[in-house]
Amino acid sequence: MSASAQKGIGIPILSVNSLSKSFNNKTVFKDLSFEVKQGMSLAITGKNGSGKSTLLKIICGLLSPNTGQTQLLFSGKVYGSNEIYKFTGFSAPYLNLYDELTGYENLELAAKLRGTGIKNIIKLINRFELSESSKLLCKNYSSGMKQRLKLAFSLLCDPFILLFDEPTTNIDESGILIFKKIIEEHRSKKIIIIATNDKSETGLCENTLNVEEYK
Amino acid sequence: MFKAGIEILKKDLKLELRSRYALNSLLMFILVLVCIFKFALGEEKISEQVHAGIIWALIFFTCTGGLSRAFVSEEEKGTSAFLKLTTSSSSVILGKLFFNILLSFITVSALVLLYILLTDLQIAVPLLFVLILFLGTLGLSVVLTIISSLISKANSKGNLYPVLSFPLILPLMLSSINSTIICIEGTTFFALSQDIILLFSYIIVVTTASFMLFPFVWQD
Numbered sequence: 001m002s003a004s005a006q007k008g009i010g011i012p013i014l015s016v017n018s019l020s021k022s023f024n025n026k027t028v029f030k031d032l033s034f035e036v037k038q039g040m041s042l043a044i045t046g047k048n049g050s051g052k053s054t055l056l057k058i059i060c061g062l063l064s065p066n067t068g069q070t071q072l073l074f075s076g077k078v079y080g081s082n083e084i085y086k087f088t089g090f091s092a093p094y095l096n097l098y099d100e101l102t103g104y105e106n107l108e109l110a111a112k113l114r115g116t117g118i119k120n121i122i123k124l125i126n127r128f129e130l131s132e133s134s135k136l137l138c139k140n141y142s143s144g145m146k147q148r149l150k151l152a153f154s155l156l157c158d159p160f161i162l163l164f165d166e167p168t169t170n171i172d173e174s175g176i177l178i179f180k181k182i183i184e185e186h187r188s189k190k191i192i193i194i195a196t197n198d199k200s201e202t203g204l205c206e207n208t209l210n211v212e213e214y215k
Numbered sequence: 001m002f003k004a005g006i007e008i009l010k011k012d013l014k015l016e017l018r019s020r021y022a023l024n025s026l027l028m029f030i031l032v033l034v035c036i037f038k039f040a041l042g043e044e045k046i047s048e049q050v051h052a053g054i055i056w057a058l059i060f061f062t063c064t065g066g067l068s069r070a071f072v073s074e075e076e077k078g079t080s081a082f083l084k085l086t087t088s089s090s091s092v093i094l095g096k097l098f099f100n101i102l103l104s105f106i107t108v109s110a111l112v113l114l115y116i117l118l119t120d121l122q123i124a125v126p127l128l129f130v131l132i133l134f135l136g137t138l139g140l141s142v143v144l145t146i147i148s149s150l151i152s153k154a155n156s157k158g159n160l161y162p163v164l165s166f167p168l169i170l171p172l173m174l175s176s177i178n179s180t181i182i183c184i185e186g187t188t189f190f191a192l193s194q195d196i197i198l199l200f201s202y203i204i205v206v207t208t209a210s211f212m213l214f215p216f217v218w219q220d
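Those sequence lines, one after another, are chains E and W.
The numbers in my numbering rise by one with no breaks, and the one at position 84 of the first sequence is 84.
The numbers in my numbering rise by one with no breaks, and the one at position 43 of the second sequence is 43.
Worth double-checking, as some hints may not be accurate.
[Claimed, not checked] With a Cα cut of at most 27 Å, we get these calculated DSSO-like pairs of lysine-lysine:
1. W/K77 to W/K153
2. W/K3 to E/K123
3. W/K10 to W/K153
4. W/K45 to E/K112
FYI, nobody ran anything at the bench for these hints, they're computed from the structure.
Please model the entire structure based on the sequences and the hints provided.
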């Protein structure tokens, strides 16, 4: 356990320590470190291709860093990058759901794979105003409906860490309001990280990190 | 892990039943292959060795045609992140193994039945023949599943699949072909015991290696 993690026993902390990532010898970012505690929200900003999505992928375990590590201190235990996904809800434009499954079936599959109950599914479907389309195959969804379903997917298992990559892409006004309300509800209880350049989304977070500063 | 593996199997079955991509193309492939062999052979009497070789060549090509989809389709459709975010790597490989084993048993059963019907092949010990087919197909499914996960991230998937699988399946194929010849000619269980032990050991070793290797393959 790192020294910084030991200090925070009792308060869940997500620590990102000295992360570096490069693709084909091109450095995306290097020596990037930060901590986010329960009740904190962080907006990750930076121009296109600066590594916002890469950083989110590393945090939730979809991608490995070249150096450094991410860890979560939760209930006095330290979880490494290969376990953080169990505590994470993630939504991104490049996260694809199964086109040949219905909206409901996609959420049901995610809940069953995570080993949590399916009681939240209907609640989330109603919340994101997808009740009429939940029995349609996802391949028949519009991009906005898919994005709403992805947001529902990220909240499905009541995760402790919420990671959103450009969360309101393709969503209409009412969808944006739903998203903002959800962020307000979870802000004090969870860790929220949003990768975006949209000012209305960065405004939802208390802290900002510009990945371009870690080139 | 087991429950999540079953959920992945159910998901893959549902997707397959809705798209019928693999099953339809495999059954068509089997029909074409067996008919070509039948027309080529005509009424000519062929030896047990040739029958065994043809049967296992057909099984190999059928399985390589169908089982590669397990991971390739997840990568192509961009849904592997869905699985990575919801379950462990061991559940994923278990679920994919279940699906590939089921798919290969269905296609191999259809293939062998069609081959026997069209060529009027007489098998002296049918029960042992079925056992050898079962073990051989099981071993082939396990090897091809882990290779499918390896090639899913490569650019030239089609070329890599048979190239990577050939050296790995060689001991399995040699033992399966040898046992099939003996089953067609007629034998006892004890005469085949060495081959059966070899097939069992092969399956156990390859399955264990798959579960150890897969987490590294699954992580980008």
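Practice item. Any hints from earlier that this structure breaks? Give me their numbers in increasing order, please. Key: Of the numbered hints given earlier, the structure breaks just one, which is hint 4.
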